[in-house]
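Fit chains P, L and G to the known structure of chain E by using the hints.
The chain contents come next:
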Amino acid sequence: MITTAVQEREHYLNESYGIKSWLLTKDHKRIALLYLFTVTLFFFLGGAFATMIRIELLTPRGNFVSNDTYNKLFTMHGVAMIFFFLIPSIPATLGNFFLPMMIGARDLAFPRINLLSWYLLVIGGLFALFAMLAGGVDTGWTFYTPYSTTYSNSWVIATALGIFVAGFSSILTGLNFIVTVHRMRAPGMTWSRLPLFVWSNYATALIQVLGTPVLAVTIILLFCERVFHIGIFDPALGGDPVLFQHLFWFYSHPAVYIMVLPAMGVISELVSVFSRKRVFGYHFVAYASMAIAVLGFLVWGHHLFVATQSVYAGLVFSFLSYFVAVPSAIKVFNWTATLYKGSISFATPMLYAFGFIGLFTIGGLTGLFLAALGFDVHVTDTYFVVAHFHYIMVGGTIMAYMGGLHYWWPKITGRMYPEGWAKLSALVVFLGFNLTFFPQFILGYMGMPRRYHVYPDEFQVLHVLSTAGASVLAVGYLMPMIYFVWSLKYGAIAPANPWGASGLEWKTQSPPPLHNFDETPVVTEEAYDYSTVIGEEVQIG
Amino acid sequence: MASEMQLPAHEESLALREQFDTAAQQKDASTLGMWIFLITEIMFFGGLFLAYTVYRSMYPGVFAVASTSINVYWGAANTVVLLTSSLTMVLAVRAAQLGQKRLIVLFLILTLILGGVFLGVKAKEWYDKYEEHHIPGPAFHLEGLNPDNVVSQGHAQLFFSLYFAMTGLHAFHMVIGAGLLLYLIFEARKGRYTAEYNTPVDLIGLYWHFVDIIWIFLFPLLYLIDRHLGK
Amino acid sequence: MGSNLPLFPEAASTIAPDVDHLAVFLLAVAAFFTVLIFVTIFYFAIRYRRRSERELPLDTHGGMTLEILWSVIPFGITMVMFSWGASLYFRESRPPDNALPVYVVGKQWMWKIEHIQGQREINELHIPINRPIRLTMTSEDVIHSFFVPAFRTKSDVVPGKYSTEWFTATKPGKYHLFCAEYCGNRHSGMIGWVYAMEPQDYEKWLNSNPPPSTMAESGSKLFNGMGCPACHKPDGTGRCPSLVGLYGSTVHLADGRSIVADADYIRESIVLPQAKIVAGYGSLMPTYKGQVTEEDLVQLVEYIKWLGDKSEGNKPFPGTQGEPLAIPDLRGK
Amino acid sequence: MSNDVHQHIDSARTYVLVFLALICLTVATTAVAFVDLGPFSVVVALVIACCKMLLVALFFMHVRHSTRLTRLVVLGGLLWLGILLLLTLGDVMTRGWVGVPGR
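Residue numbers (the numbering used here), protein chains in the order written: chain E, 1 to 541; chain P, 542 to 772; chain L, 773 to 1105; chain G, 1106 to 1208.
Take the hints with a grain of salt, since some may be wrong.
[Unchecked claim] Heads up, simulated DSSO-like pairs for lysine-lysine below, C-alpha to C-alpha not over 30 Å straight-line:
id, chain 1, residue 1, chain 2, residue 2
1, P, Lys670, L, Lys1061
2, L, Lys946, L, Lys879
3, L, Lys993, L, Lys884
4, E, Lys507, E, Lys489
5, L, Lys993, L, Lys946
6, E, Lys26, P, Lys731
[To be verified] Pairwise CB distance ranges, derived in the manner of DEER restraints:
id, chain 1, residue 1, chain 2, residue 2, range
7, E, Phe37, G, Leu1163, 20 to 26 Å
8, L, Pro944, E, Lys423, 29 to 35 Å
9, G, Leu1194, L, Pro868, 26 to 32 Å
10, L, Ala1051, G, Ala1133, 31 to 37 Å
11, G, Leu1151, L, Gly1062, 28 to 34 Å
12, G, Leu1194, L, Asp1007, 39 to 45 Å
13, L, Phe804, E, Tyr490, 45 to 51 Å
14, E, Ser192, G, Leu1194, 35 to 41 Å
Keep in mind the hints are simulated off the structure, nothing from the lab. Source: prediction; values computed, not measured. Glycine residues also receive a C-beta, built at the ideal position from the N, C-alpha and C atoms.
Chain E with its partners taken away, still in its complex shape (with noise of 0.2 Å):
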């Protein structure tokens, strides 16, 4: 009986067809489906190097690629990941088709920059790609001067251009949020009921347009001292690599933020939905946002603690770094305290959050190490750093983005993904994770410096480990990727609120019609309010 229903019913997706109802598509969930196409590509491809990389570090001896090759190898793994897949994911993916739905909007306030800001990801993406194709780029994704600008033999230029392009991607996207934000919210949907996603996207908007600027002039000035050796970072003229540090690091310090902050406004609504209850601290997890927004922008000098950077200038940036860590600790303590007494369901997104709580506490933790001044100085550069940042972009952002598909899949598609396959992947995912990295810290701390083609002996067993744990990973990542597509034709037609959510946007049928709702919702309760959802209430504790 829903079948037919559903089935009769027009939706953003069967309004209208042919290619070019995509290419020139101004609805924001259509370019969202664009965005996953893009950013998928790019995963698999990022995912593909990486697989390299660790076939490669099984023996100590260069034996699978030549040392070249690997450089190459873990630059474009860099830039395909970081660039073209962590930045976009989430607010491109994830965002651009809920944030509007989540405040009762049509869709955003710009839907045409909307879409340029797609073709400008594709248009970056295919620069980035010719230098891959090409022959590839040796300069490691930190691009540091005076290597990428006058050693470096290898696709420097179309790199960076392509990175440069994405960056305006990004940054319309984030200014369309921003504004959205501010000008599109239904009657009634207050700030202070706004479903934390959308704090979170507001929140990681801001960073995109006030850091991006700043990484595209630190590109143009890479781009003109490659290009005609004019001499603004080189040492011979008096330049000063370390400004090259400064620059990259004021936007690249802050894009982790991007990458995490959408991410825990995922974790925000899993935990709620999938315990029924309001999110503990609403207000502390929502300011806690907007905190690690500002805040991220003072410690971007805790990368050079061994660059030469004046020690008290370490002095001040260590300090300021810990102050990041409070948000942060809010945050998942409020996440935890929301299981407290709520009815907690154990289904495939809420694994996945709980993965991530657990994954990012050990990422934040061992952030504090490396905030540390004089422990941060025995570590950088090794693989203690590599694994950090794993367990924050990996751990977290990828875990997040993994509950946040499998939670929205029915809304975006109509169809549910089949339950006991996503169990199992949420699980292999969440071991093959652990075995690839927690090596990792170890290795670090026994002096296994990053970007290393070849190794010491006594480093192996590590490798074979984390190796081990990566091709257990690569299953957990194709599993889902093979469910989903076949979940669009078999999978069980989605009814408008399957996990028994109160957002906005399950207020509306699955899939959503093209200007999201029938009539322009008004919002009468707080955020996270079950009560109207599930009829009956039971009191548990």
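For chains P, L and G alone, coordinates are given in the frame of chain E:
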């Protein structure tokens, strides 16, 4: 809200896009969007201002000598030209707010001409720099202020790299602005902008003034600071 | 298994045990909070698992006390981490005055090392134990990083300037030396060994590799060979400032600034002489960039450093027989 | 429906007066540049530039009549520029303070 829009179909409602409920909401959103875009521009030029400040603090002497080699009178004249173009731009915005369709076109054309003059003077200055071998590269050479004053060519190149990067990116923004003005003139001639609907004129005005503000800082930093040393 | 799977690096410098103590503290805090969060989540998840599809829990409101507690307590703990790490960092940043100087020049993809006695090594560094060693380092090309895990210390080696690293080895042995900052194709081949030796073995090693001349001596030859004394006359009557007593002293510049004449200043004054003009002198010195290598430069620095001490009477070059290997106290002046 | 509730239209006279002030400041800053004020040359030049920026922003860009949100956006942008400059210069200016090269 939406039902209030059932007014006679004049240009205002035609210009209302479907995601908005009211024209006021649309104008607010566009204005906010423009301001946020200008913030990104502040940060974009901010990187250059940072590089300038860092190197100037490291090599104040050379920067003073290099700065003195630029013709301050062209710079000052160009500042006046650009400020005048800001005046004509704001008068164009005013004309649009009052719905004076012919005046909009007139002031926009004046703004465009002044922008062109600015770029022309800028081109002349760059050409002078080329003649004087002040373009960073193998042929670069900057003379000292007197025979006893040998200038560190590397540091002087840093100054001119920044000079060309900063004035170049500024000029690039002017060119974009000129393109936007052409579009406005074209539309304004068709009588597109009225007292009710003039958001594009308003927004491009904001952009033009912003580019002006950047120049307001470039002028003293590049032309004026330590000029007295070169007397 | 123990030898096949080492899980903890050797600690062979005075600072290493202190870094390890900090590491243990950090690990304890991290383990406590990780276990706390994991256990709590597990407990809540099982205890409050959903028993019926239609159950609705009562709202538990957020509590201000809780929020303040779990903000303030972690913040307090992080401040302990900050102070501990910072004090260690200060120690790592300030070499003791009696440290033995060694010069390091990094280039793609090798470490070139010169002792002030004149011995040169590539990808190997021989040092005595229980004696602070002060590395003055620079790079000929890109950024490298001098990393000795057993000493728990590293510093980037940046072209165009000097960086400093110091350590005191405590155990004789052979320790890994890694380049930790990605530097191109054979980055992972830019490795070597640090040999920490008993003082008498070190002495033996020095004597078995007699160099043609000490660093300061080589520097003095370069200095004279390039014609520097024509202008830089020792008595200060030349067209350029005298370099006697320069090292470690405060220099007043023409633009009004004052700086301490350290290795960086001397290096810069040779390759980019116009960067900092001494008050009262014209900027007539031409650049020697391209005419001197980084290895020449460290010899010149060592020579000028020796000139800095010479005001106290004619001393032999450091590193020659019987001379104490000491550098003047920079901070004292 | 009035969509222009907060649209203030300044008189052309105001704009011309602001313009004249801007020209005067330009002349002043150019003239002062030839006078040796020591380190104050920079201060004076930047103060005049800031005044000019304020005139353009407040009058030509209508910040005077704009919403609190717009003003917040402008201040935020300047604050972030300040962060970028301040923290980086904090490093550059304090290099070598401990008397050890590279620290």
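Each hint tested on the structure:
no.	hint	verdict
1	P:Lys670 to L:Lys1061	holds (26 Å)
2	L:Lys946 to L:Lys879	holds (23 Å)
3	L:Lys993 to L:Lys884	holds (21 Å)
4	E:Lys507 to E:Lys489	holds (24 Å)
5	L:Lys993 to L:Lys946	violated (35 Å)
6	E:Lys26 to P:Lys731	holds (27 Å)
7	E:Phe37 to G:Leu1163: 20 to 26 Å	violated (47 Å)
8	L:Pro944 to E:Lys423: 29 to 35 Å	violated (56 Å)
9	G:Leu1194 to L:Pro868: 26 to 32 Å	holds (31 Å)
10	L:Ala1051 to G:Ala1133: 31 to 37 Å	holds (32 Å)
11	G:Leu1151 to L:Gly1062: 28 to 34 Å	violated (38 Å)
12	G:Leu1194 to L:Asp1007: 39 to 45 Å	holds (41 Å)
13	L:Phe804 to E:Tyr490: 45 to 51 Å	holds (47 Å)
14	E:Ser192 to G:Leu1194: 35 to 41 Å	holds (39 Å)
Violated hints for the displayed structure, listed by number in ascending order: 5, 7, 8 and 11.
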